[in-house]
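Chains as they are written, first to last, in this note's numbering: chain U, 1 to 356; chain L, 1 to 356.
In short, the hints are calculated from the structure, not lab data.
Quantities reported herein were computed from a predicted structural model and do not represent experimental measurements.
Be a bit skeptical, because a hint or two may be false.
Said to hold, decoys possible - Within a straight-line C-alpha distance of at most 30 angstroms, the following computed DSSO-like cross-link-like pairs (lysine-lysine) qualify:
1) LYS221(L) <-> LYS2(L)
2) LYS221(L) <-> LYS249(L)
3) LYS43(U) <-> LYS90(L)
4) LYS23(U) <-> LYS209(L)
5) LYS221(L) <-> LYS108(U)
6) LYS338(U) <-> LYS23(L)
7) LYS209(L) <-> LYS108(U)
8) LYS338(L) <-> LYS221(U)
9) LYS43(U) <-> LYS249(L)
10) LYS209(U) <-> LYS338(L)
11) LYS43(U) <-> LYS209(L)
Claimed, not checked - Just a sample of chain L residues kept apart from chain U, beta carbon distances all over 10 angstroms, derived:
12) ARG109
13) LYS122
14) ASP177
15) LYS179
16) ASP213
17) THR266
Using N, Cα and C, we set each Cβ at its ideal position, and we do this for glycine too.
Next come the chains, spelled out residue by residue.
There are 2 protein chains.
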Amino acid sequence: MKKHNFNAGPSILPQEVIENAAKAVLDFNGSGLSLLSISHRTKDFDAVMDQAIGLFHELLDIPENYKIIFLGGGASTQFFEVPANFLNTKAGYVNTGVWSKKAIKEAKRYGQVEVLATSEDKNFTYIPKGFAIPTDLDYLHITTNNTIYGTEYHEDIDSPVPVIADMSSDILSRPIDVKKYAMIYGGAQKNLAPAGVTFAIIREDMLDKIVRDLPTMVNYKTHTENNSMFNTPPVFPIYVLAETLKWAKNLGGVKELYRRNVEKATLLYDEIDRNPLFRGTTAKEDRSLMNICFVMSEGNEGLADAFMEFAKSKGMVGLKGHRLVGGFRASCYNALPKESVEALVACMQEFEKMHK
Amino acid sequence: MKKHNFNAGPSILPQEVIENAAKAVLDFNGSGLSLLSISHRTKDFDAVMDQAIGLFHELLDIPENYKIIFLGGGASTQFFEVPANFLNTKAGYVNTGVWSKKAIKEAKRYGQVEVLATSEDKNFTYIPKGFAIPTDLDYLHITTNNTIYGTEYHEDIDSPVPVIADMSSDILSRPIDVKKYAMIYGGAQKNLAPAGVTFAIIREDMLDKIVRDLPTMVNYKTHTENNSMFNTPPVFPIYVLAETLKWAKNLGGVKELYRRNVEKATLLYDEIDRNPLFRGTTAKEDRSLMNICFVMSEGNEGLADAFMEFAKSKGMVGLKGHRLVGGFRASCYNALPKESVEALVACMQEFEKMHK
Chain U
1 MKKHNFNAGP SILPQEVIEN AAKAVLDFNG SGLSLLSISH RTKDFDAVMD QAIGLFHELL
61 DIPENYKIIF LGGGASTQFF EVPANFLNTK AGYVNTGVWS KKAIKEAKRY GQVEVLATSE
121 DKNFTYIPKG FAIPTDLDYL HITTNNTIYG TEYHEDIDSP VPVIADMSSD ILSRPIDVKK
181 YAMIYGGAQK NLAPAGVTFA IIREDMLDKI VRDLPTMVNY KTHTENNSMF NTPPVFPIYV
241 LAETLKWAKN LGGVKELYRR NVEKATLLYD EIDRNPLFRG TTAKEDRSLM NICFVMSEGN
301 EGLADAFMEF AKSKGMVGLK GHRLVGGFRA SCYNALPKES VEALVACMQE FEKMHK
Chain L
1 MKKHNFNAGP SILPQEVIEN AAKAVLDFNG SGLSLLSISH RTKDFDAVMD QAIGLFHELL
61 DIPENYKIIF LGGGASTQFF EVPANFLNTK AGYVNTGVWS KKAIKEAKRY GQVEVLATSE
121 DKNFTYIPKG FAIPTDLDYL HITTNNTIYG TEYHEDIDSP VPVIADMSSD ILSRPIDVKK
181 YAMIYGGAQK NLAPAGVTFA IIREDMLDKI VRDLPTMVNY KTHTENNSMF NTPPVFPIYV
241 LAETLKWAKN LGGVKELYRR NVEKATLLYD EIDRNPLFRG TTAKEDRSLM NICFVMSEGN
301 EGLADAFMEF AKSKGMVGLK GHRLVGGFRA SCYNALPKES VEALVACMQE FEKMHK
């Protein structure tokens with residue numbers, strides 16, 4: 001049976017990328033060696049790194065004064081590395097859920113943290129807006145997509161201070177104005193790569209603001225100055241990331257991915273809104289294109305397990321909602337085909353008929 | 001032409017492991033999903049993690065009071081995490097080359113560092129022995145195998161203070177007495193896995209000695225208490241690591257790997273010592289089984305490029321010595337078949353005949 005992969009992360013990657021990755025594991029570029037067994041200091045891998053960086057610049061229209069680096073340790077490591085590098089006296093954070101909270105917790109070790117806005121009052125079902133941004137902050141930190149709750153910023157914030165954004169789960173899903181950010185980072189295991197590589201896009205002037213004496217591996221300059229090759233980088237995940245970017249370019253770039261993502265999300269949200277058995281969990285204007293959360297509607301809560309079983313029987317994978325929200329979460333990342341969303345919608349409609 | 005992979009790292013992995021990895025990339029465990037697209041919080045991946053930890057315990061006879069964790073960021077990240085966690089007032093380091101030096105540099109941020117012994121006087125061509133170990137150290141740090149210079153400790157040190165060892169390039173290559181170590185760590189991209197995962201084996205009592213308030217991701221307890229699942233671990237590299245451990249077990253375990261490594265190294269060192277065109281670069285008693293360094297003998301220096309070209313023409317890959325040593329380095333990790341060493345020896349002998 002065909003599987004429909006709605007995993008929240010690590011998550012679905014394009015089939016052709018997976019096939020290329022399997023080939024490269026067996027024989028990389030016809031070298032007679034596995035991609036897993038080559039030195040990272042070779043022309044062939046330099047080319048992969050250059051391609052990953054070049055395509056990132058091209059696809060997101062990243063200006064030349066931004067450096068792109070690839071690291072290990074996940075976004076969770078960035079939660080402390082961001083303030084370690086950039087929090088001199090005071091930073092502002094917006095609290096939109098678990099990942100924001102974790103970032104706030106780590107930042108407090110390095111200086112004063114002002115939580116400028118939070119949606120905790122309604123279990124993070126919306127994105128706070130219209131909050132004031134003090135001008136004396138070292139930076140403002142936001143989480144652009146909240147994987148657990150299914151909320152997402154749909155606009156790039158205007159800010160008088162540098163904006164640093166965790167885009168782990170919506171990078172490359174929609175056009176963004178990179179110039180409005182001082183730094184963008186994220187674990188790559190949703191839209192870009194398998195688990196094991198973290199990306200960071202850093203405006204060069206920020207690198208001159210690193211005031212602390214930091215461990216070599218924590219200092220972003222170590223990596224920007226060595227093209228992510230100060231130490232052995234995660235070769236295979238970076239290769240897959242480069243292949244994913246190639247796939248995205250061939251498809252028509254971020255605009256086309258965004259068009260597809262809107263199309264998929266609209267299909268599913270429309271069904272959630274129409275189908276009397278279900279209801280969405282977030283404010284409509286802040287609905288995520290990536291992580292679509294829904295629960296059984298009032299009075300139908302008892303059908304949750306039955307729906308989950310039914311969906312599984314139809315090949316749906318990874319639909320269980322996070323325990324903090326409950327219900328269901330359909331993660332619809334770039335590589336998820338429209339057919340999978342259509343299959344889920346059909347499943348919801350069939351389930352509705354069964355329970356009339 | 002068959003390639004003989006002498007890469008220093010990332011380096012050769014067993015062919016059956018590579019084939020299993022390629023299969024898992026296409027379809028993991030017959031799930032219909034790629035290993036790259038599954039959640040790390042699934043029974044199937046739990047089983048991989050359990051297997052990796054279980055086999056590690058079994059193969060190296062690691063007592064139950066040691067925790068095994070898998071991290072990102074490479075050994076370079078451990079260079080600061082070790083002292084961040086364990087350096088309270090003073091630590092001892094042995095300087096056996098570049099990697100030791102890097103570890104020493106990071107440790108100095110956290111306390112007093114005493115370099116108890118160094119082989120810098122002879123470009124790190126030997127392992128210092130018989131040095132005194134003060135009893136007031138928080139720990140003693142050693143680098144058991146020095147990839148660049150081709151030196152290796154052949155005995156587990158007796159120490160009155162906890163020993164912490166970087167075993168990046170010789171883990172699993174020889175039996176060790178784990179009980180003599182408080183912690184063993186390393187990048188896994190030589191004997192265990194592709195680049196992107198770091199292993200750490202930590203005696204439990206050490207975890208009670210963490211005195212600093214550390215960033216969550218830097219504190220080893222975060223990872224020991226969450227079975228390396230506090231955040232998304234590098235799924236694919238951990239899978240390959242588990243497969244490599246399975247391969248090692250099926251082969252007969254560490255004893256058998258050691259027997260093979262001694263056999264391979266003896267073959268090559270014997271030829272280096274016999275062949276008048278070449279000479280070894282390190283003290284014989286400290287020669288590494290993993291990284292075999294040699295140069296052209298006196299008067300034959302001019303033949304270096306010609307030998308490199310000749311070796312390449314015979315399918316040898318990764319033979320170039322590190323720039324700090326020059327000449328040649330044949331890395332003979334666990335997965336390197338004896339046939340590759342035999343091919344190199346034949347190549348050296350043929351080259352000798354050509355230049356008589």
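Hints, verified against the model:
1. With a CA separation close to 46 angstroms, the supplied pair LYS221(L) and LYS2(L) exceeds the 30 angstroms bound.
2. A distance of roughly 29 angstroms separates the Cα atoms of LYS221(L) and LYS249(L); the hinted pair therefore holds under the 30 angstroms criterion.
3. Distance hint between LYS43(U) and LYS90(L) is unfulfilled; the C-alpha atoms sit about 43 angstroms from each other, more than 30 angstroms.
4. Taken as a hint, the LYS23(U) and LYS209(L) pair is broken in the structure, with Cα atoms around 46 angstroms apart against an allowance of 30 angstroms.
5. With a C-alpha separation of about 20 angstroms, the suggested pair LYS221(L) and LYS108(U) falls inside the 30 angstroms cut-off, and the hint holds.
6. Taking the CA atoms of LYS338(U) and LYS23(L), the gap is near 26 angstroms; set against the 30 angstroms cutoff, the hint holds.
7. As the CA atoms of LYS209(L) and LYS108(U) are separated by approximately 23 angstroms, the hinted pair is consistent with the 30 angstroms bound.
8. Proposed proximity of LYS338(L) and LYS221(U) is contradicted: the alpha carbons are some 42 angstroms apart, above 30 angstroms.
9. Between the alpha carbons of LYS43(U) and LYS249(L) the distance comes to roughly 35 angstroms, so the proposed pair goes past 30 angstroms and is violated.
10. Pair hint LYS209(U) plus LYS338(L) does not hold up; C-alpha atoms about 53 angstroms apart against a cutoff of 30 angstroms.
11. Among the hinted pairs, LYS43(U) with LYS209(L) is inconsistent with the structure: their alpha-carbon atoms are about 45 angstroms apart, more than 30 angstroms.
12. Consistency note on ARG109(L): stated as away from chain U, yet its beta-carbon is not over 10 angstroms from all of that chain's, at 6 angstroms minimum.
13. No beta-carbon of chain U is positioned within 10 angstroms of the beta-carbon of LYS122(L); the least distance is around 26 angstroms.
14. No beta-carbon of chain U is positioned within 10 angstroms of the beta-carbon of ASP177(L); the least distance is around 28 angstroms.
15. Every CB of chain U is more than 10 angstroms from the CB of LYS179(L) (nearest about 30 angstroms), matching its label as outside the interface.
16. For ASP213(L), the condition that its CB be more than 10 angstroms from all CB atoms of chain U is violated, with the nearest at approximately 7 angstroms.
17. Chain U leaves THR266(L) outside its interface by the beta-carbon criterion, the shortest separation being 24 angstroms against a cut-off of 10 angstroms.
When the structure is compared with the earlier hints, violations turn up for hints 1, 3, 4, 8, 9, 10, 11, 12 and 16 and for no others.
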